[in-house]
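Enquirer: The chain contents come next:
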Amino acid sequence: MTAGARAGCLAGITLIAALAGCGTLSSHAPAASSGRHGATADGSGPAASSAQKLPYDISGLLDPTDGKFFGVEPQGAPAFGPVTSFADSLGKRPDLIGQYVAWNSSFPAQAVSTAWSYGALYYIAWEPYQTTLSAIADGQSDAYITRFAQAVRALNLPVAISFGHEMNGNWYPWGISDNTAAQFAAAWRHIHNLFTQAGAGNVIWVWNPNVISSLPVVALKPYYPGDAYVDWVGITGYFDNVGPHNFATLYGPTMTEVRQFTAKPFIIAETAVQTGPTDLREIRSLIAGVENHPEVLGFSWFDYNKKGINWQIESRPVLRNALARQLTGLQLIDPKK
Amino acid sequence: MSKRPQTSPPSGRPRPARPRGKTPPYKPPVQSPDAETVMLPSVPPDGDAPARAPDPGAGRTNGAVGAVAEAAPGVPADEEDLGPTTRVLVMPRGRRGAEPARVSQSSPRRTWVSRGVLLVILCVQAALSVRLRNTAFDNEALLLQAGHLEIAHLLHGVPLPGNYASFLPGAPALYPVLGAAADGLGGLEAARLISLVAMLATTGLLYSMTRLLFNERIGLCAATLFCVTEATIMLGNLATNDAVSLALLALASWIVVRTAAWRWRAYLLAAPVASLAVANDYWALLYLPTLAGLAGLAAYPYHGRPALVRTLLFGAVTVELFAAAVAIAGQAYVTGARSVLATRAAGSVPVLHILAEAGTWGGLTTAVALLGAIGYTIQVRNEPNERIALPGSRPCRIVLGAMLAGTAVLTVAYQVGLNTDVSLNTRLGFGLFFAAPMAGVGLARLVGDHFRRAQLGIAVWAAALTLGLSQADQLFGSWPDATPLVSVLARYLQPGARYLVEDDNIPIYYLRGRADAQPGQFTSTYDIVYRDSRGQLLTGTPGFLAAVRAGYFQVIIYNNTVTPGLDKALATALQSDPKYRLAGSVVQNATGFRATCYVWVRM
Chain A
13 MTAGARAGCL AGITLIAALA GCGTLSSHAP AASSGRHGAT ADGSGPAASS AQKLPYDISG
73 LLDPTDGKFF GVEPQGAPAF GPVTSFADSL GKRPDLIGQY VAWNSSFPAQ AVSTAWSYGA
133 LYYIAWEPYQ TTLSAIADGQ SDAYITRFAQ AVRALNLPVA ISFGHEMNGN WYPWGISDNT
193 AAQFAAAWRH IHNLFTQAGA GNVIWVWNPN VISSLPVVAL KPYYPGDAYV DWVGITGYFD
253 NVGPHNFATL YGPTMTEVRQ FTAKPFIIAE TAVQTGPTDL REIRSLIAGV ENHPEVLGFS
313 WFDYNKKGIN WQIESRPVLR NALARQLTGL QLIDPKK
Chain B
6 MSKRPQTSPP SGRPRPARPR GKTPPYKPPV QSPDAETVML PSVPPDGDAP ARAPDPGAGR
66 TNGAVGAVAE AAPGVPADEE DLGPTTRVLV MPRGRRGAEP ARVSQSSPRR TWVSRGVLLV
126 ILCVQAALSV RLRNTAFDNE ALLLQAGHLE IAHLLHGVPL PGNYASFLPG APALYPVLGA
186 AADGLGGLEA ARLISLVAML ATTGLLYSMT RLLFNERIGL CAATLFCVTE ATIMLGNLAT
246 NDAVSLALLA LASWIVVRTA AWRWRAYLLA APVASLAVAN DYWALLYLPT LAGLAGLAAY
306 PYHGRPALVR TLLFGAVTVE LFAAAVAIAG QAYVTGARSV LATRAAGSVP VLHILAEAGT
366 WGGLTTAVAL LGAIGYTIQV RNEPNERIAL PGSRPCRIVL GAMLAGTAVL TVAYQVGLNT
426 DVSLNTRLGF GLFFAAPMAG VGLARLVGDH FRRAQLGIAV WAAALTLGLS QADQLFGSWP
486 DATPLVSVLA RYLQPGARYL VEDDNIPIYY LRGRADAQPG QFTSTYDIVY RDSRGQLLTG
546 TPGFLAAVRA GYFQVIIYNN TVTPGLDKAL ATALQSDPKY RLAGSVVQNA TGFRATCYVW
606 VRM
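Residue numbers (my numbering), protein chains in the order written: chain A, 13 to 349; chain B, 6 to 608.
Hint data in this document are derived by calculation from the structure and do not stem from the laboratory. Some hints could be false.
[What the hints assert, rightly or not] These stretches of chain A come out as covered by chain B in the derived footprint (C-beta under 8 Å, 3 or more residues):
(1) 65–73
(2) 334–346
[Said to hold, decoys possible] Footprint (simulated), chain A over chain B, 3 or more residues, beta carbon under 8 Å:
(3) 578–586
(4) 598–604
Computed from a prediction, not measured in an experiment: that's the story for all the values here. Glycine is no exception: its CB is placed at the ideal position from the N, C-alpha and C atoms.
Bound conformation, chain A alone (with noise of 0.2 Å):
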């Protein structure tokens, strides 16, 4: 071989080396596109990763009008077996699943994940315990409070965020007890800013106060963070055997004073039916009240054995039956469309 024979030889494995070293001809294709206009957002997964894929878009979420939200709130959550067997017990598959969530707790996405994979949309009661609202508001909670909006975003699903429910009672320590209704506005909207940063639009976010019925001296506008803050007006009240026996007395007077400051849509975020003499006409009350105000997006059942009360659905079989009977008729919406 002659010396030019060589180095002939020698440039074409240098070449061949050098292309080998960095990469095939088509290593660098985009790895989203498919076609022209690229990918599909389908939230379908949190296995892929968020930089891969488009933020869920949850217009459709914000005010749907094909149904209704049927939710419950399982004791165990996130324990997914008491969901099964709520559902199974009434032969109705909830399309919302809630879950209390302690303050400095991580985002549970897998539960958030597989409630998606259900056909559930997750709801998130984030209780602010161990900490102040004023602690929040002035940043003690930062770091935390961007690591779950990261998680959040990084999952790319729809979730639900209520964050110090019954923010208007005196029986937690977010409520008006030690705060005042600007430090609970103020440490709102400074989380509501952490996850606008971390880029995370998938929140619906549920602003939700208890019936005013318990505390009317409390006025509930100043605790209201303002619309762009706020997705849902979640309502928490329970059909017990002391207080109002109908929707329109249990919910009505929020839903007016909360309509004299916003417009945004109601959800019936935590309610139940005690057992007692009018707990099957306040079933019914219940559902056609939901079904009658299109302004009311659903309800969610809290499926609790608590302090002595039994609200669980599946252990009182007359109710159960009831409460079967009168979802027959309600058109569940399906989250994921």
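Given the coordinates of chain A, assemble chain B onto it according to the supplied hints.
Expert: Leaving out everything else, chain B in the frame of chain A:
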């Protein structure tokens, strides 16, 4: 790989002694009676003496053969020896001026082998370019979209939304129309294919020009180095006006070299080509002095000092063409050219940073070119029987070498003068094109005669290849994939709605053709003139914020990169504005770039 011709002298043949002293003056050839044969005067085989191989291309043109008188001893054996004083020199029939003698190295076999190697080089270059993958770069989107609008304007009289001539880097009716036509036929890939063809043509012309200036081996060395530079690889897959302008400059350069020996002023054909290159990309203006100088220097060996008039005449004709073009096109084009050559790019990048970048992207080729220029000045010999230099004096070689190699430095110097590194990585390609012939000389010198130091040459080339590949990969991946952002925006388009997008060229380009995404519906975050409800005209941040308060935009997208100050103000305004909701965010990842794109939608 080349094998020495069978006619090479035996190795034991004594080489002629190199005469010392002043170079003998060039003597004009004597015209033979049949007008196809030129009797060249005797020329000693000194490095400074005219010694040029016959142009094989020209020889094939008509096959005329001349007999050349050769009085001096030491006739290289490549030439057909017709006697003690005569050798064959191929000359074209009746269209060129006097052809100075040079040592013949050409043969049909050598020519075809060289062309085969060139084909391989071009294939490698094409492979290196087309392997790059990314969505449209901002400049690509701007030029192609402008071209689509120009086509609509030219064919259908659709009014142009803006005066593109005043800010595009070249005439809107040239490359943008060409690129957009290709884009319309085959999408971005087709538009990029034009650039690939242009860059392959550039390399081919570089080879041919260098072969004419020196020989095939130097031409191949030049093409080999040029084809693996970062700028060449990038420009071959970038649908911008750069590649076409570079190809036009290469064509103009080739014309002045190819016609160097001709008596008539065929070299002036290069003037309109060069003017077209400048009209297509104003940046090319920077290289016209080199082109004019090349016209004179390439002709110097054939015509002596009168050849230098070519430099002046070429310059004068080109200036005349520019004046005519400006008179026809209008002041907007001058404004556009100024924006490219002076004001737009002016920045505050530290000089050392620019130099470091330039060194990284083009330093190796420039260094080899400088080495070649020095070697070319010192000695006009590569192989024992090879003379690579244009005949002429050493000062002539110094000027040619300095001019060609220095053009690579000129690009950097100009960018340093502007204190900017905008487009430096692609603009370097212009300078490297002119420096490449000297880089070819340098590489050939490194390799040495008979491939004596082939490993050294390969090492240099392998380094150039590795650098070019990795840098092109890095730079071509330095802008984020536009697909997610465009897809998100496409969700919220509405007829007549307005969209505020930090850099709106990309969505305008990709969403063109949609009735709800017309260019006039887009506003970038660079500037706005907004009339509020009281009729007050607002600009800048106050204008944007007033527009947001009024719900003027249906969609607002920013990523805190181009206008971070405004973006921060927008974010603050939007998060407390109930009319808007954060629809989501898109994480943008690219080489050395990471940003979060915030998408706000009016509810």
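Enquirer: State for each hint whether it applies.
Expert: Results of checking the hints against the structure:
no.: 1; hint: 65–73; result: holds (count 6)
no.: 2; hint: 334–346; result: violated (count 0)
no.: 3; hint: 578–586; result: holds (count 6)
no.: 4; hint: 598–604; result: holds (count 3)
In this structure, only the earlier hint numbered 2 is contradicted, and the remaining ones agree with it.
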